[in-house]
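Protein chains in written order, with the working numbering: chain A, 1 to 222; chain B, 1 to 252; chain C, 1 to 505.
A couple of the hints might just be wrong.
Unchecked claim - Label-pair restraints from in silico Cβ distances:
#1 A/Leu-44 to B/Asp-236: 26 to 36 Å
#2 C/Leu-129 to A/Leu-127: 36 to 46 Å
#3 C/Ala-204 to A/Trp-51: 18 to 28 Å
#4 A/Leu-44 to B/Ala-131: 37 to 47 Å
#5 C/Leu-28 to B/Ala-70: 15 to 25 Å
#6 B/Asp-167 to A/Leu-44: 21 to 31 Å
#7 C/Ala-48 to A/Leu-44: 53 to 63 Å
#8 C/Val-288 to A/Trp-51: 25 to 35 Å
#9 B/Val-213 to C/Ile-24: 41 to 51 Å
Stated by the list, open to error - Stretch by stretch, here's where chain B covers chain C in the computed footprint (C-beta under 8 Å, at least three residues):
#10 33-40
#11 203-209
#12 306-320
Claimed, not checked - Just a sample of chain B residues kept apart from chain C, beta carbon distances all over 10 Å, derived:
#13 Gly-87
#14 Gly-165
#15 Gly-217
#16 Thr-244
Hint data in this document are derived by calculation from the structure and do not stem from the laboratory. All residues carry an ideal CB built from backbone N, CA and C; glycine is no exception.
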Amino acid sequence: MSTLIHGEPAVRSSRVATGASLARLFQLHLTSRRVPTAAVALLLCAPLLQWAVRSALGQTGIAGARVSAEQLSLLLEAVTAAVVSAALHGPFGESEKIAGRRLPWLRLTTALLLTALALGAVSLGVLGTGQPLGTYVVVRDTAGLIGIGVACTTLVGGHFAWTGPAAYWVVGAYALTDDWQTPWTWPARPGDDVGAAVCAWGFLAVSLLAITIFGPGQRTHD
Amino acid sequence: MNNIDIEGLTRKFGAAQAVAGVSWRAGTGVHGLLGPNGAGKTTLLRMIATVIEPTSGSLRLLDRDPGAHAQCREIRRRLGYLPQNLGYYPGFTVAEFVEYFALLKDVPPNRARAAVAGAIERVGLGDRARAKLRTLSGGMLRRVGIAQAIVNDPLLLLLDEPTAGLDPEQRVAFRAMLREIGERATVVICTHLVEDVAAACSEVALMNAGRIVFRGGPQDLVARGERVTGDGGSGDSPLERGYTAVLAQARR
Amino acid sequence: MSAVDTVPQRAGRPDAARSRLESIRILLRLTLLELRRSPMPLMLPLVAALFWFDALRTGENLPAIWTQRAAILPDHVLPDLGPVAAGMAAWVGGREQRRGIGDLAQSTARPAWLRRLAGWGAATGWTLLAYAACTAVIYVLAARVVNWGGPPVWPVVVIGLAVAAFCTTGFVAGAVLPGRFTAPLAALGTLLVTVMIFQSAVHAASGWVLISPDNSVPQLDWGVFHPVPPDLPIVQAVFLLGFVVVLLGVLGVFSSVRGAQLRRTASTVLAAGLAACVACLALAATAVRGNYGFDISLLHDAASDRPIPYTPVCTQGSAIPVCVHPVFSADLAGASAAFAPLLAEVAGLPGAPTRVMQIDNADLPLPDAGPGHADFTRFDAWSTLAASPGGAPVLEFGFGDPYTFNMPGAVSNLRDQSVPLVIGHIVAPNGNPGPAQQAVERALIQKAAGAPADPNQDPSTPPPTAAVAAAAQRFAALPSAQSHAWLVADLDQLRSGQITLEELP
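Could you put together the complete structure from these sequences and hints?
Here it is in structure tokens:
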């Protein structure tokens with residue numbers, strides 16, 4: 001665009017060009033993070049969650065069928081968290097880190113997009129299944145797990161970030177079985193529990209902030 | 001015997017033809033392969049390294065057919081290859097990385113240690129044998145790559161951009177090593193650095209758009225540059241001028 | 001003399017046997033190299049944390065019985081270690097693509113399958129090392145508290161193979177489908193499959209789902225009175241081995257793009273593994289819960305059902321000893337306390353049990369129990385009256401579900417069941433007690449159980465008349481020594497109906 005063109009049409013077309021280039025930048029950033037593949041994986045979690053919860057609850061007469069359904073639901077929530085945290089891994093290393101001021105916004109937007117996809121997928125997954133905890137609790141638990149996964153991505157990089165949600169699932173499974181009361185074991189807390197909500201959503205918020213500022217961790221060790 | 005015997009070799013990637021009919025015979029000695037980016041040098045080298053198969057044409061290496069599995073394996077035991085982008089495992093030490101490839105290349109286990117030590121010494125990394133690869137500079141990594149390529153005393157040595165990252169002193173030593181190996185093996189170096197070609201190669205092939213457009217000695221290439229007047233032959237050295245002159249003619 | 005000159009090709013064709021031997025040597029050297037530099041140890045801190053949090057803390061609360069302690073392996077060690085190993089192995093398996101070493105490795109002489117086998121061997125080696133450490137800790141801690149029997153071997157073998165199967169699944173997934181999502185999906189996907197199969201199999205008494213090594217909670221006394229039949233563990237072990245072989249065959253087929261012979265070999269390996277898996281699934285489908293474990297008729301050896309000899313641990317100095325199996329010796333005091341009031345009332349009376357003996361739960365006639373199936377979902381303990389080989393009555397009992405068992409509940413159950421049983425047998429051995437017999441029964445039950453007999457306990461029995469109730473109250477009010485002395489003198493007459501209500505003291 002020539003800098004010799006003055007006036008309002010020039011300003012408007014400059015804005016359009018900037019908007020187009022930002023959109024293009026965002027698209028390339030999403031591609032570099034394999035977000036389309038992640039989105040497919042997340043959406044596949046929805047029917048998987050439907051099937052798993054229904055089959056667990058369908059075991060009528062079996063003691064602990066309710067807890068089984070809750071544990072399976074939590075496991076699939078952990079899968080979505082692992083997918084999100086793996087997708088946030090940056091493949092470019094140092095050359096990207098020094099790239100410029102737009103990178104934090106790109107990271108945050110990507111993380112929010114993936115989180116929204118994951119929360120949507122789990123909501124669809126428990127729709128109509130009669131999941132004992134309810135849709136909000138499932139969404140809350142997923143948010144907390146994503147927070148753990150994103151924190152792991154920031155600390156150790158995307159390759160190993162899945163270990164956080166996987167380890168927390170073990171803790172959560174115990175919490176569901178033994179009905180733990182602490183707010184940081186939010187999977188066992190009811191939907192109206194303020195402490196659990198603060199812990200889960202707070203963890204997500206802090207992690208998103210961390211990855212926005214610091215980006216994914218980079219490891220050179222194989 | 002020609003260690004490399006190619007007739008009408010082509011390679012396609014989808015609709016793109018990377019190598020468009022190359023015929024070449026190379027025996028013992030150091031052969032340079034020059035050409036601009038995208039000329040097909042690396043693709044040709046990868047076919048000779050038996051990494052990818054040609055789309056059509058005939059390829060015989062060390063008097064064997066790489067298309068037959070057993071013969072391909074015999075070729076690979078006598079082959080050394082340094083790709084343009086050398087991958088490595090950062091946790092391995094220099095010695096372990098070279099040993100890994102020595103074993104994969106069928107160097108007998110009882111001779112592997114000696115072969116590894118010899119190769120590492122030859123590239124001047126004897127004092128870094130136990131260093132982890134992640135601690136090495138780019139040039140040192142390149143030398144590790146050369147070490148794994150020569151650890152099995154290959155009869156066919158293929159090097160893609162071998163001197164990238166090497167300082168001038170190391171390049172001089174490397175060229176001397178190539179000349180020494182070239183006395184009993186076929187060495188092909190694919191490079192952008194014409195001075196490597198000038199110093200080490202007895203024959204040069206110049207590729208453009210998937211074909212060989214020049215073949216001869218370095219002096220022949222210089223002579224082509226001197227013959228051109230006005231419409232090509234730019235460059236800071238006689239070999240560069242010859243290189244650009246041949247390319248200009250090929251593109252007309 | 002160069003390295004290549006010593007490559008064995010002296011006569012133009014390699015010697016096949018020497019070539020095979022050299023392949024094995026090279027594979028071992030490569031595997032050792034990979035073991036030294038494998039990134040698998042990165043998983044050890046996480047595995048240690050999960051092991052402590054899940055397996056160790058759970059194990060502390062389990063009964064001190066070898067089969068119960070060994071059940072930690074499938075129920076806790078496998079879900080803690082397996083998925084983490086699968087995820088790490090998937091990451092290791094994708095290493096060539098991630099590090100850009102594909103072309104270079106492709107140009108070497110040795111087959112890609114061999115190269116990948118070395119990587120797999122190292123990953124599996126580290127995983128099995130971690131598993132061995134976990135097993136050693138569990139068994140050492142168990143050995144400190146279990147006072148009878150020896151550590152079971154089959155669970156160690158089966159779960160070891162299961163852990164290897166997890167690792168292999170991850171490695172092959174990473175090698176075949178390298179990518180950033182492979183490791184997390186391998187880890188959590190294998191965990192999901194494990195959890196789902198466990199939830200299907202945990203209550204299954206038969207069917208192919210029993211092939212899962214993580215399939216059921218053992219009954220409290222499995223492996224105590226009788227050995228656990230090895231039928232199902234054998235089938236599980238062979239299945240898991242076959243599964244690993246299938247995966248290695250897949251890896252070989254995928255790696256052998258060139259080389260028809262190698263592809264044929266890999267396909268043969270894959271087919272052999274598949275055949276083993278299918279055969280084992282078919283065998284597992286015939287497994288049924290037997291008296292002492294799961295039986296597969298084609299494999300079952302009836303000789304293995306012989307009881308394990310033991311010397312019971314009994315109370316000392318009592319007229320009627322209470323005996324338990326040595327492994328339950330810590331529960332002897334509780335069992336003794338449960339039966340003490342009853343035994344004090346009936347000791348020395350004709351028809352009183354000569355001893356109280358813990359037996360195999362499978363031999364107890366529980367209500368709603370299937371053939372040989374001790375259903376303890378509603379009770380912590382159960383008792384019954386039986387006859388010894390010599391004809392003397394023996395009071396037999398067993399303890400219930402290990403995960404819900406509690407001694408106060410067991411004491412209550414034993415007392416409620418055994419008191420009316422024994423007293424009825426003593427006072428009215430032929431059934432149909434007369435009024436005086438009813439009154440004495442009610443009185444003795446009240447004395448032994450510490451509470452009046454519950455008229456609603458047996459709906460088929462009509463409520464006592466006022467006279468019977470009054471006579472029972474009168475008899476119950478007697479000091480135990482006096483009522484006992486009367487019974488010693490007059491029990492035979494009471495049994496034969498010669499004593500009326502009015503003649504009762």
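How the hints compare with the structure:
Our hint of 26 to 36 Å for A/Leu-44 and B/Asp-236 is violated, since their Cβ atoms are close to 59 Å apart. For the pair C/Leu-129 and A/Leu-127, the beta carbons lie near 45 Å from each other, so the given range of 36 to 46 Å is met. Judged by the Cβ atoms, the range 18 to 28 Å given for C/Ala-204 and A/Trp-51 holds: they are separated by roughly 19 Å. The supplied range of 37 to 47 Å is met by A/Leu-44 and B/Ala-131, whose beta-carbon atoms lie about 45 Å from each other.
Evaluation of the 15 to 25 Å hint for C/Leu-28 and B/Ala-70 yields a pass: the beta carbon distance comes to about 24 Å. Between B/Asp-167 and A/Leu-44, the C-beta spacing of about 52 Å breaks the proposed range 21 to 31 Å. Roughly 33 Å separates the CB atoms of C/Ala-48 and A/Leu-44, a value that falls outside the hinted 53 to 63 Å. The hinted window of 25 to 35 Å between C/Val-288 and A/Trp-51 holds, with their beta carbons roughly 29 Å apart.
The hinted window of 41 to 51 Å between B/Val-213 and C/Ile-24 holds, with their beta carbons roughly 49 Å apart. Coverage of the region 33-40 of chain C by chain B holds in this model, with 4 residues showing a Cβ closer than 8 Å to a Cβ of that chain against a need of three. Restraint check on the region 203-209 of chain C versus chain B: 0 residues with Cβ-Cβ distances below 8 Å, three needed, restraint violated. Coverage of the region 306-320 of chain C by chain B is violated in this model, with 0 residues showing a Cβ closer than 8 Å to a Cβ of that chain against a need of three.
Residue-level check failed: B/Gly-87 sits 3 Å from the nearest beta carbon of chain C, not beyond 10 Å. Look at B/Gly-165: its CB is around 16 Å from the nearest CB on chain C, clear of 10 Å, so calling it non-interface holds up. Chain C leaves B/Gly-217 outside its interface by the beta-carbon criterion, the shortest separation being 28 Å against a cut-off of 10 Å. A cut-off of 10 Å between C-beta atoms confirms that B/Thr-244 is not in contact with chain C; the least separation is 30 Å.
Hints 1, 6, 7, 11, 12, 13 from the list above are not met by this structure, while the remaining hints are.
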